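J.: Keeping the supplied structure of chain A fixed, place chain B upon it in accordance with the hints.
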Amino acid sequence: MKVTAPTPLKGALIFVGLAVLFAAMIGVSFVPLGGFNLAANLVCALLIGLGITFGFMGLGASARTLWLTAAAGSLWLVILFTLTFADYVTRNWLPS
Amino acid sequence: MADYTGIEEQFESAGQREYADTFGMWIFLATEVLFFGGLFLAYAVGVFNEAEGFRLARQETNLLLGSVNTGLLLTSSFVMTLALRAAQVGNPRPVRALLLLCVAIGTAFLMLKGYEYVEDAHKHLVPTFAFEWDKPHPEAARHFFFLYFVMTGLHFVHLTIAVGLAGVLAITIPRAAPPPGWQARMEVTSLYWHFVDIIWVIFFVLLYLGGRT
Chain A
116 MKVTAPTPLK
126 GALIFVGLAV
136 LFAAMIGVSF
146 VPLGGFNLAA
156 NLVCALLIGL
166 GITFGFMGLG
176 ASARTLWLTA
186 AAGSLWLVIL
196 FTLTFADYVT
206 RNWLPS
Chain B
362 MADYTGIEEQ
372 FESAGQREYA
382 DTFGMWIFLA
392 TEVLFFGGLF
402 LAYAVGVFNE
412 AEGFRLARQE
422 TNLLLGSVNT
432 GLLLTSSFVM
442 TLALRAAQVG
452 NPRPVRALLL
462 LCVAIGTAFL
472 MLKGYEYVED
482 AHKHLVPTFA
492 FEWDKPHPEA
502 ARHFFFLYFV
512 MTGLHFVHLT
522 IAVGLAGVLA
532 ITIPRAAPPP
542 GWQARMEVTS
552 LYWHFVDIIW
562 VIFFVLLYLG
572 GRT
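Chains A and B are the protein sequences, given in the same order.
In terms of the numbering used here, the first sequence is residues 116 to 211.
In terms of the numbering used here, the second sequence is residues 362 to 574.
One thing to keep in mind: the hints can contain errors.
[Unchecked claim] Non-contacting residues of chain B with respect to chain A, defined by C-beta distances greater than 10 Å in every case (computed):
#: 1; residue: Phe-372
#: 2; residue: Ala-465
#: 3; residue: Asp-495
#: 4; residue: Arg-573
[What the hints assert, rightly or not] Here's a subset of chain B near chain A, in silico, CB distances under 10 Å, partners left out:
#: 5; residue: Glu-373
#: 6; residue: Val-406
#: 7; residue: Ile-534
#: 8; residue: Ala-537
#: 9; residue: Phe-556
#: 10; residue: Val-562
[Stated by the list, open to error] Ranges between beta-carbon positions, derived for each pair:
#: 11; chain 1: A; residue 1: Thr-199; chain 2: B; residue 2: Val-529; range: 33 to 41 Å
#: 12; chain 1: B; residue 1: Leu-471; chain 2: A; residue 2: Arg-206; range: 35 to 43 Å
#: 13; chain 1: B; residue 1: Phe-492; chain 2: A; residue 2: Thr-199; range: 23 to 31 Å
#: 14; chain 1: B; residue 1: Thr-521; chain 2: A; residue 2: Arg-206; range: 35 to 43 Å
#: 15; chain 1: A; residue 1: Thr-180; chain 2: B; residue 2: Phe-492; range: 16 to 24 Å
#: 16; chain 1: B; residue 1: Val-529; chain 2: A; residue 2: Tyr-203; range: 42 to 50 Å
#: 17; chain 1: A; residue 1: Leu-148; chain 2: B; residue 2: Phe-372; range: 23 to 31 Å
#: 18; chain 1: A; residue 1: Val-146; chain 2: B; residue 2: Ile-522; range: 31 to 39 Å
#: 19; chain 1: A; residue 1: Ala-201; chain 2: B; residue 2: Pro-540; range: 14 to 22 Å
#: 20; chain 1: A; residue 1: Thr-180; chain 2: B; residue 2: Asn-423; range: 39 to 47 Å
None of these hints come from the bench; they were simulated from the model.
Here the structure is a predicted model, which means the values were calculated and not measured.
Cβ atoms here follow ideal geometry from the backbone N, Cα and C, with glycine treated the same way.
So that you can see chain A by itself, here it is in the shape it has in the complex (with noise of 0.2 Å):
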């Protein structure tokens, strides 16, 4: 299964798209949304890493063991967060 590139033409598209979204990632930084600033940054940084797993890493026309390699990895990262934050948001529920 080989790792497919896209063509010159279909790397560059791909490439503005992903300047595009680094331009309004910095750019929404600078946007008082308060709290919401990292969220909004982090969806940016989301969108581009879909773009370059999947426009240049090529994961979209890969075999499905790797989309299943892929997904473990986040799934991991989901259980992490999961876990951990149960108990941080958790604490204070019942009285002490």
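T.: Same frame as chain A, now just chain B:
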């Protein structure tokens, strides 16, 4: 000199070896997610407990240099893709130049990051060695900069390895159309390069952006 043309005895075909190469690299990248995941979690807990201190500390990092470095890495990913494409369509002439361009961009990133570390040291932002903080929440700021140096330091090591791999590929590329074995090395190197790029984009958000207003 490595033999890129033969198929090792553990593989039945060139296709199976190709698959094993790519699959192995994806498994490695999944373990890297676990590796960096601990750092993301440490940062998230820090923001959860010390949001204001982290916001103040984030304002001390150099946004201009961080942005330039992010732009450099995004560009290098595009260049790496062009190099891989050229190798896959059997056009070896531009591959070496494109790989060397990747090496140059990666090296520029490392040099800028090194300059930034010197700047941080002059501002006395290095925990344990020289840390001075005259704003509120000094402990949170110390915590932030501890994570800053660990995260960017580990990324620095990863990018240095990626630059080394790309450099070796540029040196060893055969003059004729690259054989499948060499191409497989090119493919797994490109996967690693892109992954290092993605990790930096997330670090850029966590350590440079947010709270700039």
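J.: Okay, which hints does this one fail, numbers in order?
T.: 4, 5, 7, 8, 15, 17, 19
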